[in-house]
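Student: Protein chains in written order, with my numbering: chain A, 1 to 534; chain B, 1001 to 1328.
It is possible that part of the hints are untrue.
Said to hold, decoys possible - Derived lysine-lysine pairs resembling BS3-like cross-links, with alpha carbons at most 30 Å apart:
{"id": "1", "chain 1": "B", "residue 1": "K1066", "chain 2": "A", "residue 2": "K450"}
{"id": "2", "chain 1": "A", "residue 1": "K327", "chain 2": "A", "residue 2": "K127"}
{"id": "3", "chain 1": "A", "residue 1": "K179", "chain 2": "A", "residue 2": "K223"}
{"id": "4", "chain 1": "B", "residue 1": "K1066", "chain 2": "A", "residue 2": "K127"}
{"id": "5", "chain 1": "A", "residue 1": "K450", "chain 2": "A", "residue 2": "K512"}
{"id": "6", "chain 1": "A", "residue 1": "K279", "chain 2": "A", "residue 2": "K327"}
Keep in mind that the hints were calculated from the coordinates and are not lab data.
Quick caveat: nothing in here was measured; it's all calculated off a predicted structure.
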Amino acid sequence: MGVSRRGFTAASAAGGVLAASGLMRVSDAIAQGITPRRGGTLTTMLTPEPPILQIGVNNQGPTLIAASKIFQGLVKFSPTLEPLPELAQSWTISPDGKVYTFKLQPNVKFHDGTPMTADDVVFSVTKFHFELAPRARAIFSMIESAAAPDPHTVVFTLKQAFEPFLLMFDVTACAIVSKAAFDGRDYRQAPSVQHPIGTGPFRFAEWQRGNFIRLERFADYWKPNQPYLDAIIFRIVPDSQSRRLAMETGQTVLAHSNDIEPFDVPTLQAIPNLAVETKGWEYFSPLAWMEINHRAAPLNDVRVRRAISQAIDRSFITQRLWFGINKPATSPVASTTRFHDPAVKLPPYDPRAAMQLLDAAGLRPNAQGVRASIKHLVLPYGEVWARLGEYLRQSMRAVGIDLVLEATDAGSWARRIGAWEYETSINFVYQFGDPTLGVERTYVSSNIQKVTFTNTGGYANPKVDELFATARTSAAPAARAAAFSEVQKLLVDDVAQVWLMEMSFPTIYDRKLHNVITGGTGVNASFDDMFLAS
Amino acid sequence: MDPSRLPAFLLRRGIKAAIVILAIIVSNFFLIHAAPGDPASVMAGQSGAADERYLAQLRTQFGLDKPLLEQLWIYVRGMLALDLGYSHRQQMGVAALIWQRLPPTLLLTGVAFALAISGGVTLGALAARRVGTWADSVITVIALTFYATPIFWVGLMLVLLFSVVLGWLPSFGMNSVGADLHGIAAVLDVGRHLILPALTLGLFYVAVYARLTRATMLEVADQDFVKTARAKGVPEGRILRRHVLRNALLPVITLAGIQAGQLIGGSILVETVFAWPGIGRLAFEALLARDYPVLLGVFFCTSAMVVIFNLFTDLLYAMVDPRVEVQG
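Build out the structure end to end from the sequences listed, making use of the hints.
Tutor: The structure is reproduced here in structure tokens:
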């Protein structure tokens, strides 16, 4: 018997290949003169898996992304949040700002073959979303009457002028559903909840839970020759490293939202056939802040809040934790929103000033150098948020505040924020393109409720209440802008929350894919113009 | 074992099992409700906007507005009628949800289990037979390596090698979606997807069984009846199979029985890394979403499986080793 020698080859990770070729170049099909190609399947991902795909019954982020291909709204938004025609061909607004008249596209069919008419629109607005969705309910309660004078005309008369009204009519806020499928039923348990029926370019085909959701081309879509793709497949991949590998190996060609952890973005950016885009979140513009419970001492002292704010290096957070995907916040109103005041500035990063403020507030360091101990409920939304918690602990320690991190899961976090059982935490909230829709709720005293995403911090300032009310009821944009400018200054002076950053999410896609991000809601578009170049 | 005693044995064990499962259901119910947060607050947190009316609507619909004991009674009453309940979050019956996710898990864990037992016992026997030689050392070192390596790391390394570097196998999922495969092609497709997760899950247990088999075989090999057999001139191969291995199998069966009971729970880690649509992930996601009926349903299935496999293991003992008596 001879001795056989075996050579062991170590499989190295070939890590050196990832050279830095990090230039972003958005492929713009029109500029390159590429004509759209019919056919092909888009394979992408969805994280986490949504419980159901019926907008209204469930309005989670992943639900909206998948269902925005199945359903449509009356309008969609440009990157600067101008409303553009979708199911509404055109619209007029009366001079007093109270009457909105929408002309609907003719020849729009639901996936079950029935025509979409003005009745469906009235039902969707005044019944379906009004009943199901808190956000829609708050706005649509201002509608005094809704009428359908003919099958292609809808008239909404408001009780008072409401300038941001049109911002409530895209698919994510008010998807048009079939009246026949829901009227007279329990909306949440209607059969079409499991098999959604919309007017969108793709119809629901198959859902193997935990595995994938498949949508297929709707042949009777109202735009001729569209959509270009034959099908969209959303794979459910729960592990972020597996998702990164799926993009590296080309098993999926589009990653979006939370799919890829920020620290993995530079790796994917270095792959030549992948493009990275951070646009497409203008409508939502999540603004992240360190959530302050104003009831908990010493956080009820504005000097302590300002000290906390000045102890945080926001550019470290956005550059080192989010790798440039996010921008430092400068105001309670995101810069993508039209009433953002660029003159408003947060006090600068200055640990020394922070310590002077803490001294002035009477918080002297003890023998261990600790001035105060504050609890911090870490946001349980993934690793990068845990890292943010660790960074905050370090930066608070540098000015003598002992930040005690508390770990939790999503269910406990939502309950504790809703029940005011926290001292500090992290929160991020969508802005929805207008401060009245997305900002007001966090700061007005009338919205101090034991419910998540209300004014859970308990901040109250009568002047702020008054300014938000003025902005809400004014029909003139100039008057609204003036009120919002003043309210931004007041909120910054009061350090109502410790704003950290304007968030975006990376959309990463194969360069064969065209028209990925075309508007202010990004991957929540219908994808009827998306195509795969050969 | 006396076959005439079997029915009485099964009856006694069946009654015990029913009581155990009922106790598990009740304690699970209280355990789950002790976790902070409820499905309504989770959904409010996820949808980014909420008001009091929304929360109240959801709680009424989910039946959470009733007193806890009444909720328990409704649940137990349903379970006695073999109704696993309804997930209001997913608007589907729990039985249907579990039924969708059970076959992939059984496939994955079943294959991994078969691989672990056959590979582990073979390697262990081989090592014991060649004890002290280079073959024994190689097997022991490999077994120890897989035993000591975290399971997700093995998975990621396998993916890196076979999916990223070599490009031979898919890195996640259970099938090629949209490829429209039928018959044997569809089976092969699932097989290709199955290799990496089954290997990852199986390698750990291969190591466990190999080490256990080797150790017990060496222990048995020193005993007097083996020496007697050898003195009688029984061939070495026959001694190993009939005298050593058969006696060394009892601990292996014990371990296999415990592992088989856990099969249905799957491996959340492997299912997560490989995006395998199994029941372990269903349970984990239900926990995060506080989807009580789904979670209780999965717990019920896993506990029933453990009870059944314990019974099965006891019967198997008696078959392998006639000295073992089954007792109720």
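Student: Please go over all the hints and tell whether each is borne out by the structure.
Tutor: To see whether the hints hold, each was checked on the structure:
1. B:K1066 - A:K450: holds (20 Å)
2. A:K327 - A:K127: violated (39 Å)
3. A:K179 - A:K223: holds (22 Å)
4. B:K1066 - A:K127: Holds, at roughly 28 Å.
5. A:K450 - A:K512: violated (48 Å)
6. A:K279 - A:K327: holds (12 Å)
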